[in-house]
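Work the whole structure out from these sequences, hints included.
Spelled out from the first residue to the last, the chains are:
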Amino acid sequence: MPVIEYIEAIRLAMKEEMERDPEVFVMGEDVGLKGGVFGTTKGLQQQFGEDRALDTPLAESAIAGVAIGAAMAGMKPIAEMQYSDFMFPATNQIISEAAKIRYRSNNDWSCPIVIRAPIGGGVFGGLYHSQCPESVFFGTPGLKIVAPSTAYDAKGLLKAAIRDPDPVLFFENKKCYRLVADEVPEEDYTVPIGKSKVMREGGDITVIGYSMPLHFAMQAAEELSREEGVEAHVLDLRTLQPLDRAGILEAAAKTGKVLIVHEDNKTGGVGAEVAAIIAEELLYDLDAPIRRLCGPDVPAMPINPPGEKHFLLNKEKLKSAMLELARF
Amino acid sequence: MPVIEYIEAIRLAMKEEMERDPEVFVMGEDVGLKGGVFGTTKGLQQQFGEDRALDTPLAESAIAGVAIGAAMAGMKPIAEMQYSDFMFPATNQIISEAAKIRYRSNNDWSCPIVIRAPIGGGVFGGLYHSQCPESVFFGTPGLKIVAPSTAYDAKGLLKAAIRDPDPVLFFENKKCYRLVADEVPEEDYTVPIGKSKVMREGGDITVIGYSMPLHFAMQAAEELSREEGVEAHVLDLRTLQPLDRAGILEAAAKTGKVLIVHEDNKTGGVGAEVAAIIAEELLYDLDAPIRRLCGPDVPAMPINPPGEKHFLLNKEKLKSAMLELARF
Amino acid sequence: MTQTGTVRQNSRHAALGISDEKAVAMYEIMKLARMYDERGQLLQRAGKINFHISGITQEPSQTAMAFAMDRERDWFLPYYRDYALVLSVGMTVKELMLSIFAKAEDPNSAGRQMPGHFGCRRLRIVTGSSPVTTQVPHAVGFALAAKMRGEDAVSIVSFGEGSSNQGDFHEGLNFAGVQKLPVVFVCQNNQYAISVPFSKQSAGKIADRAIGYGFPGYRVDGNDPLEVYRVVKEARERAAAGEGPTLIEIMTYRVTAHSTSDNDLAYRTKEEVEIHKAKDGIPVYRRYLTELGLWSDEKEDELTRRLRAMIDEATEYAEKAPFQPPEDSFRYVYAEEGEAR
Amino acid sequence: MTQTGTVRQNSRHAALGISDEKAVAMYEIMKLARMYDERGQLLQRAGKINFHISGITQEPSQTAMAFAMDRERDWFLPYYRDYALVLSVGMTVKELMLSIFAKAEDPNSAGRQMPGHFGCRRLRIVTGSSPVTTQVPHAVGFALAAKMRGEDAVSIVSFGEGSSNQGDFHEGLNFAGVQKLPVVFVCQNNQYAISVPFSKQSAGKIADRAIGYGFPGYRVDGNDPLEVYRVVKEARERAAAGEGPTLIEIMTYRVTAHSTSDNDLAYRTKEEVEIHKAKDGIPVYRRYLTELGLWSDEKEDELTRRLRAMIDEATEYAEKAPFQPPEDSFRYVYAEEGEAR
Ligand SMILES: Cc1ncc(C[n+]2csc(CCOP(=O)(O)OP(=O)(O)O)c2C)c(N)n1
Ligand SMILES: Cc1ncc(C[n+]2csc(CCOP(=O)(O)OP(=O)(O)O)c2C)c(N)n1
Ligand SMILES: [Mg+2]
Ligand SMILES: [Mg+2]
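Protein chains in written order, with our numbering: chain H, 1 to 328; chain A, 329 to 656; chain Z, 657 to 997; chain F, 998 to 1338.
Hints are supplied without guarantee of correctness; some may be wrong.
[Said to hold, decoys possible] Derived pair list, reagent style DMTMM-like, types lysine to aspartate or glutamate, alpha-carbon separation capped at 20 angstroms: (1) Z/Lys836 / H/Asp285; (2) Z/Lys856 / F/Glu1240; (3) A/Lys370 / A/Glu347; (4) H/Lys317 / F/Glu1324.
[Claimed, not checked] Here are some chain H residues the structure puts well away from chain Z; computed CB gaps all over 12 angstroms: (5) Glu19; (6) Arg20; (7) Glu23; (8) Met27; (9) Gly43; (10) Gln46; (11) Lys144; (12) Leu179; (13) Gly203; (14) Glu222; (15) Ile277; (16) Leu283; (17) Ala288; (18) Asp297.
[What the hints assert, rightly or not] Taking CB as the label site, the calculated pair distances span: (19) A/Gln375 / F/Ala1011: 50 to 56 angstroms; (20) H/Gly49 / Z/Glu983: 44 to 50 angstroms; (21) Z/Asn919 / F/Arg1118: 32 to 38 angstroms; (22) H/Lys195 / Z/Glu992: 17 to 23 angstroms; (23) A/Asp613 / Z/Asn919: 52 to 58 angstroms; (24) A/Gln375 / F/Glu1333: 34 to 40 angstroms; (25) Z/Asp877 / A/Lys523: 57 to 63 angstroms.
Treat the hints as calculated values from the structure; they're not laboratory data. Yeah, the Cβ is synthetic: ideal placement off N, Cα and C, and Gly gets one too.
Following this line, the structure appears as structure tokens:
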């Protein structure tokens, strides 16, 4: 199987779905000739024409709203938000409209859109090019939310999202774009929305997370295994909504010691819900308090390098939290 | 002390603050002659003139954005959102701007606004006049969020919010407006932001919540005391952000059995964070799994009466959850 | 509408290509909408329903809007006062009554949403919500889909003048202008956004905003359905011909309170309202048809009787109809197992 | 700017009430902004900084904008290319360099924000963010505060033509129009929003949008600073006189890539860029001053030397300056204990 970059997996998923289904198209700022500011839509306009790789005005509420209209009309739009930081102007269209169209019409209408948005820091993007907005949309019934950490999942989940009959927010990690590469089959496949994945088996502690920080967890887990004989069980949520409750409970029960990690700030993050689910369902299987290692409760990361580093998670921070938990 | 309605407490807080400080003013849709769709701003335009009870165009992003500008210029605006369901168009101004102005300018600028918005259902308002949007804004550092359940707290917290140097979202419960009335001093007072309040002392179970459902909890607690000898300890969070961690832990430790209640839907709600805090800090003091009784994970409540009733919390639902927890 | 004595062939409606039957059908819809609306108010006052929101005085233009479109092919994105529009497109009074009583059989939402929140895939009426103006970008999306698929459909969307001050108005119209999409934007300027008079909502004309988006904008007298028909028809033709969108500002006046929850005398005078009530377009249009020999007092009586019976029957049916079972009110958050759409 | 041989008293700038000194000062700022900007590009290419975003070709109009305002009293809400504007208002090159190197002493954000995200209470420059156009309603809020307090201040806000398609543009301008607020809206139309050409952003003229808000809108040639000065000055006077806002669309062209992260040849040709480079307003203005005897090659050399030394010194200073201590990067989420503001 060829090893490809995370960003290429995303590009290929769109390309293949556009080839497969004439109703799939991508729209957003600079998605045309420029191929997006990160290059995720490179070549699509050349292959599919201006209409199906549509450069829009700089207006996120319209990008979402027009996509929603087109989706209700039966198209399968992929709306790109240039940075997830810039999707807030579209909040009303996402929460009041996309999420509620099926429910409010008692299943008469539906809204099969995908909204793609790059999340995460570590690229010297400063306050407004680094945020993780998951928690703003998490907990809005009617939306599905995915956030892959590998190229394989990125491709498979994006295809699943495009084929899904309901609105899906697809949070891709911009730091993963070129840093993460893994084996991706050439044949068509999808990864089911709503299913977590065990990235690593272990019996001492359980790490639950999603997106970029899992790579730190995996590196830390390898070192802890070598250096301390501590074996971490690592679970990639992959889908944030609906959460894979069974997968979470199984992973937590496996070791009884749980560390939840994400880059989004701690308070009110997805990790709070994961912890609450475990505390509600599995309290007596726990051998340690449920820990969370997340971004600090600060508006966003600064652009200066020491500040950014201080803000972000990394292998060392993971490792010491994991070790501390193992020794608890 | 006079007993006044919750809505009157809110109106009085604005009136008194506007009398006290010429920089305080209120702006929003229909806040002028009509006095707001609920009547919270009644009489203010007559007393303070058109400028200080300013009817705006129907444009929430401008209401928030203009208020933010005025606040940076040194004014103390109170921006009214007609229903909290309609504040989503202002999300970008609230999350990207208000919440980050102090931080991004390294304390050079500040944004002392209050955004008031009525939350909650039970008024046959259907999908878009009943929502609880707390969880969308909760977890956004830089914002403070309050949600009083009594007239006393409503008045004292609104005054505190107006005097606070940072942006405060003030979620008032529309069902409480005329249903809740309690003693409110005539003298000036404030209720500190960030402090919870014990509404009822008890040794068997702890109920933690905010806003309207606490009244069901109090009714249920009285009945359980009379009928079953179960004594509930009831904590009103009052402030959702920053959460009163010490108050939460103390209340949870008191009984070791915790039920968290709110009308906002369960997944990703404020209750998840409360549960996560307890699971992180107090695991060994718990005698039962941490329970949450919240709105269902459905986009919003229907307008037809049986559907609305099925959706909402009430005394009976609280009572049976509390009894079940007591018997655990 | 004052040319007494003109022969039918030279009538205004004939000049617009409207047959006599269609001209009369338009009148019947206006009346139906009016009578339905009045019944809604009565039902609310009688405590049978919680809430009613009225479209009274806006029916002539709403009817004309719908009739100027292709009702088999086009997409309709109405707003909450558009009873006459949805009735023109094919929604029945029974369906409206089911909605006002919030019953399971209501095709708009199975009694989940407030009345006036229309939606019916069968009739190409797109589901709407309460936050105003979100439907404007949706209409643009329908037009984009039509253009991409080479379909002949045009979308038409309406909204109040207050709602035209939302960001979504601007973003939607500008998008449609750039892409020259087949969409007709209709602002029903009834001079109030709840209590806020037009003078405090905008200092310009809504129609003039089209200039900045590079397509035409027109102001039309909403009490003159034939003029509204003409302008909307032309807009539809431009759209279908690939010439892009049009913005139409219909000048009307909200004679009722904003809704049954509003007391309008807190912010305007009875006299102001009376002046506008006197300009009601329905009697004027009736006179027009009568003068042409297309209508008569007898026909009016017959119609009134027929519509009243229809509304009575619908009311009775809807009142008795069951609510959606409470358990079902948690359904359709997502597609259910096995559903593709 | 072609009237060779005119005597100074009858010069264009004198006619606008601009003294010779001020006319020259404007030139010096344009040059300073240009040289700072070129240095920024060099520093990025040399790997000393991560990112630079350029305002090249937009300096003449930015300078004129600022000089036409009351720099002691007015509020400035610039956007990320507005180096010449903030320099005109009093920000120093050293401060800009501290920002580009993201150092603690940077008055804009202590090195928290990207360069081009201006803000300095001392200079009445309002803190800005990256999501475009949010500053437009803020400017309206400053104007509202000025009006409510009876202060003489006017706010001026700038943004790109791409950004004028955001909802906040519409909501902000409409609000200001209704309240007749003292605010000047300046759209710097440089023909691109990253890769998207103006033709795909809007089908109308930005200036024309003012019509729909009930106040004047003007298109001005951005390469002609004196004309920009005239129009902004007039707008400021209208604002201060209580006559309300003005929208000004400055026609310019972005000759650099969007930023150092962009490769513009993926979406436009070198030839197109060259055509616009040739229209650069700075040499034209220099010729204008020279023809009037206000400027000379010697003065140019002296200025270049002086500015280069200033920029060198600022660069060195900023490069060596410390970052904000990482612990401090968690400060000021909220007011700290004892702070009232
Ligand atoms: C985003 C949003 N804000 C506020 C409201 C509350 N609201 C409902 S109708 C209305 C006035 C609408 O005025 P207009 O658009 O002129 O329509 P009209 O009711 O006059 O027909 C308001 C403020 C809403 N529905 N949506
Ligand atoms: C809300 C939002 N969406 C997207 C972006 C990313 N972005 C940064 S600059 C830019 C183009 C801005 O174009 P324009 O307003 O014309 O200003 P210019 O850069 O041409 O001066 C875009 C899309 C952003 N900053 N904010
Ligand atoms: Mg209106
Ligand atoms: Mg531009």
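Which earlier hints turn out false for this structure, listed by number in ascending order?
-> 1, 7, 8, 11, 21
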